[in-house]
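Enquirer: Chain residues, written in single-letter form:
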Amino acid sequence: DAGVIQSPRHEVTEMGQEVTLRCKPISGHNSLFWYRQTMMRGLELLIYFNNNVPIDDSGMPEDRFSAKMPNASFSTLKIQPSEPRDSAVYFCASSFRPVWSNNSPLHFGNGTRLTVT
Amino acid sequence: AQTVTQSQPEMSVQEAETVTLSCTYDTSESDYYLFWYKQPPSRQMILVIRQEAYKQQNATENRFSVNFQKAAKSFSLKISDSQLGDAAMYFCAYRASGGYQKVTFGTGTKLQVIP
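Quick mapping for you: the protein sequence lines, in order, are chains Z and A. Note that the numbering used here gives residue 114 to position 114 of the first sequence, counting from 1, and the numbers run on in steps of one. Note that the numbering used here gives residue 73 to position 73 of the second sequence, counting from 1, and the numbers run on in steps of one.
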């Protein structure tokens with residue numbers, strides 16, 4: 001299994017530009033998470049999808065952030081317009097969560113390091 | 001709200017020695033899961049070990065073991081025979097059982113392994 005695949009690995013953009021981060025979860029996993037990691041706030045959950053449906057987006061910072069999961073094998077996180085304070089490492093993670101258990105661990109991608117100048 | 005606290009921002013250990021990383025959490029739930037993740041310089045978060053709160057037996061995975069104290073809400077990670085490849089950030093994480101429950105992470109402990 002290739003694991004969770006994120007692209008790009010690094011992204012440098014100017015303030016005001018649109019940024020799109022991509023994620024391919026592990027095949028068969030039905031839960032997908034977007035996290036943001038910064039030195040100040042650690043790992044923050046941005047949004048959680050279950051069976052392609054957004055379940056919890058309470059962590060999305062503001063309207064500039066949006067996430068989609070058009071199918072079970074692909075998700076995007078978009079920032080428009082981007083700001084310097086959005087600079088962080090963005091992780092995508094997936095898991096298989098059977099109905100009866102919440103024990104399944106998260107499998108993380110390698111993250112996208114975003115720098116907004 | 002659940003919180004996870006890692007009070008040691010940095011730790012160091014001599015190669016081949018044993019080190020223990022601390023983690024405490026706060027919850028009103030009785031059933032939950034605890035995890036330790038490792039984040040090496042490559043940045044990828046890797047699951048090291050997990051523990052179900054209803055199990056009294058401490059989880060072990062090769063050189064990694066936990067000391068789970070449910071009453072004290074403590075979940076420490078012990079790394080035996082430390083290796084250079086163990087150098088990384090280690091994150092403690094909590095997830096309540098039942099329904100959708102998001103994973104809450106601690107702020108991490110940076111482990112340095114000294115040759």
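What the hints contain is simulated information worked out from the structure, not anything from laboratory work. The beta carbon of each residue, even a glycine, is placed where N, CA and C say it ideally should be. Don't take each hint at face value.
Have a look at the derived ranges for each label pair, beta carbon to beta carbon [unchecked claim]:
#1 A:Ala72 x Z:Pro61: 32 to 42 Å
#2 A:Glu10 x Z:Asn71: 24 to 34 Å
#3 Z:Gly3 x A:Gln14: 28 to 38 Å
#4 Z:Glu62 x A:Gln14: 40 to 50 Å
#5 Z:Ser27 x A:Ile114: 17 to 27 Å
#6 Z:Arg41 x A:Asp26: 11 to 21 Å
#7 Z:Ser58 x A:Asp31: 18 to 28 Å
#8 Z:Pro61 x A:Asp81: 21 to 31 Å
#9 A:Lys55 x Z:Asn50: 22 to 32 Å
Subject to a maximum C-alpha distance of 30 Å in a straight line, what follows is the list of computed DSBU-like cross-link-like pairs (lysine-lysine) [stated by the list, open to error]:
#10 A:Lys102 x Z:Lys78
#11 Z:Lys24 x A:Lys110
#12 Z:Lys24 x A:Lys102
Enquirer: Evaluate the given range 18 to 28 Å for the C-beta pair formed by Ser58 (chain Z) and Asp31 (chain A).
Expert: Since Ser58 (chain Z) and Asp31 (chain A) have Cβ atoms about 23 Å apart, the given range 18 to 28 Å holds.
Enquirer: CB of Pro61 (chain Z) to CB of Asp81 (chain A), is that within 21 to 31 Å?
Expert: Hint violated: Cβ distance 42 Å, outside 21 to 31 Å.
Enquirer: Okay, Glu10 (chain A) versus Asn71 (chain Z) on CB: inside 24 to 34 Å?
Expert: violated, 42 Å
Enquirer: Quick one: are Gly3 (chain Z) and Gln14 (chain A) within 28 to 38 Å, going by C-beta?
Expert: holds, 32 Å
Enquirer: Regarding Ala72 (chain A) and Pro61 (chain Z), is the given constraint of 32 to 42 Å on their beta-carbon distance met?
Expert: The hinted range 32 to 42 Å holds for Ala72 (chain A) and Pro61 (chain Z), with Cβ atoms some 35 Å apart.
Enquirer: Hey, Lys24 (chain Z) versus Lys110 (chain A), does the alpha-carbon distance stay inside 30 Å?
Expert: Status holds; Cα separation ~29 Å.
Enquirer: Is it true that the C-beta distance of Glu62 (chain Z) to Gln14 (chain A) lies inside 40 to 50 Å, as the hint says?
Expert: holds, 46 Å
Enquirer: If you check the beta carbons of Arg41 (chain Z) and Asp26 (chain A), does the distance land in 11 to 21 Å?
Expert: Check passed, 18 Å falls within 11 to 21 Å.
Enquirer: Note whether the CB distance of Ser27 (chain Z) and Ile114 (chain A) lies within 17 to 27 Å or breaks it.
Expert: violated, 41 Å
Enquirer: Is Lys102 (chain A) close enough to Lys78 (chain Z), meaning Cα to Cα at most 30 Å?
Expert: holds, 21 Å
Enquirer: Between the beta carbons of Lys55 (chain A) and Asn50 (chain Z), is the distance compatible with 22 to 32 Å?
Expert: Between Lys55 (chain A) and Asn50 (chain Z), where Cβ atoms are some 26 Å apart, the hint holds.
Enquirer: Straight-line Cα separation of Lys24 (chain Z) and Lys102 (chain A) no greater than 30 Å?
Expert: holds, 20 Å
Hints 2, 5 and 8 from the earlier list are contradicted by this structure; the remaining hints agree with it.
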